[in-house]
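Asker: Below, each chain spelled out in residue letters.
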Amino acid sequence: MTVSSVLVVGGGIAGVSTVAELRKNGFVGELTLLSADAVPYDRPPLSKDYLAGARDLESIALQPAEWYADQRVSLVGDTVAVAMRPDAGEVELADGQVLTADRIVLATGGRAVLPAIAQVRRDVPAALPTGKRRERPVVSPIHVLREVSDADRLRTSLVPGARLLIVGGGLIGAEVASTARGLGVEVVLVDPLAPPLAAAVGIEVATWLHGLHADHGVEALTTTVETLLESPTGIAAQLKGEPDSREFDAVLLAVGLVPEAGLAEAAGLETSRGILVDADQTTSHPSVLAVGDCSRLRDHHRAEHWEAAQLDGARAAATILGSPPPPATAPWWWSDRYGLHVEGVGEMRSPDAEHQTVVRGVVGEPPFAVFTLRGERLLGAVAVDDANAAKAARRLIDRAADVRASDLADPTQSLRTLLRR
Amino acid sequence: MDTGNSTGIRVASVDDIPEGEGIAISSDITGTEDDIAILRDDDGTCWALNDTCTHETASLAEGWVEDGDVECPLHSSRFNLKTGKVDGLPATRDTVPHRVEVRDGEVYLFPNERP
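Line order of the protein sequences matches chains D and H. In this text, residue positions in the first sequence follow our numbering: the first is 1, and each later residue adds one. In this text, residue positions in the second sequence follow our numbering: the first is 422, and each later residue adds one.
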């Protein structure tokens, strides 16, 4: 059966990528994009330039405003879906309106994890039954960072001399620490792992990256938060292992995301830590697909990276069009902190009998890159201020090229030439 | 340096630009608003685009040139070498292409002329 209409629920990179790829590849039917915000925007700047006030909402739009009309995409903004009836191809909106389509693509993203810290837990409003939940702590100095409204709210706290506690030293926690320091904020960052991100970038790079916090005046502590309590002057945080609590003006909880699977779950689709999908992004219902952070490929972890969500959209579009999927490629991500650009590709492994770690340049002296090799096959790379090393590594991984450690380690040897062998 | 617009501005020898890479030419030389990136595709052909990525502020001359596109070194936005059109997000605004000509192994740039 030819698909003549597609409804995409969610205006993040996965949803916008789905509609863009459908049109780009010749879909001529009706295309509707449902967005919780007026105009879909890009999330990575929310912890960086947007939070710093260096970019505005218009400049982080995922597409220019006129793009939707140009592409004949009906953008339904500022609204959320509250129910889905897959057999009828129906999605019900918050205002009672019902939209129908031959295919529904769920791109509902995720929401920030709220850790089990007593005060935070108590103030969380009851979750709405379905759709894009706006669940967040209501105590005003406690923040999460997922949406532009979160960033706007957090920014009002980031004034010179303010005391900010960041819970979680992963990518978002670290990026906000960097942005906040740039704004003259006093930052304490806690994470139970020493260092965070070791699985993603390897222990050596993770240790150096985490050390940058102290170099830039952040107090980085390996501990957890036991309680967060309102106090007359802000928030009192009791850190594990400390005799007294500490006072903060604001707290950011950056400990991960929960996939937004409520709509699918209520409609009886299979979910388990995300809406379960096959490799072609199809859910357990044949006319419903899911992409991006709300979805999880069966038997895999969620990727939770920007480009992974974009590629999900491209795959979903190919499935709907019945065309071949885009070629598989090693996962890729980037992050920026303290003026340094970090990229990761593929998978990093600790050195052991099978795996070798190769350093190009010197760890801690950008530009440099670190690689994981298994025999003569490259598995992963992390590059700091050397994006082209990551791009070359990605292609070497994708082509399963034979690579010698000595070539990777030699900074005078262009990695690009290794691709031409 | 030859600056006559009819013959173009000689900006480099082709051999100075490895295939798949680029060099930036200062706006002091090109007389344009932005610096201009001379980009050499992996088939050896040379192209020119405004140097600053339309997404943030990275230099496209430091990007990855392949199969008719340049990929920004920061977030991998892709631009068509010939037309300057966006071929991949996160950039959404097209950039400006300029005409280049290769004569006797030298690269001549014609700022603000369409390729």
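Heads up, some of the hints might be wrong.
[What the hints assert, rightly or not] Some chain H residues flagged as far from chain D (calculated, every beta-carbon gap over 10 Å):
id: 1; residue: GLU442
id: 2; residue: GLU454
id: 3; residue: ARG514
[To be verified] Heads up, incomplete: computed chain H residues facing chain D, CB under 7 Å, no partners named:
id: 4; residue: THR453
id: 5; residue: TRP485
id: 6; residue: GLY489
id: 7; residue: PRO511
id: 8; residue: ALA512
[What the hints assert, rightly or not] Residues from chain H that keep clear of chain D, each with C-beta distances beyond 12 Å, as calculated:
id: 9; residue: ARG431
id: 10; residue: ASP463
id: 11; residue: THR473
id: 12; residue: HIS476
id: 13; residue: LEU495
id: 14; residue: THR504
id: 15; residue: THR513
id: 16; residue: GLY526
Source of the hints: derived by calculation from the structure; they are not laboratory data. Where a beta carbon is used, it is the ideal one built from N, C-alpha and C, also for glycine.
Asker: Any hints this thing doesn't respect? Which numbers, in order?
Answerer: Structure breaks hints 1, 3, 4, 6, 8, 10, 12, 13 and 15.
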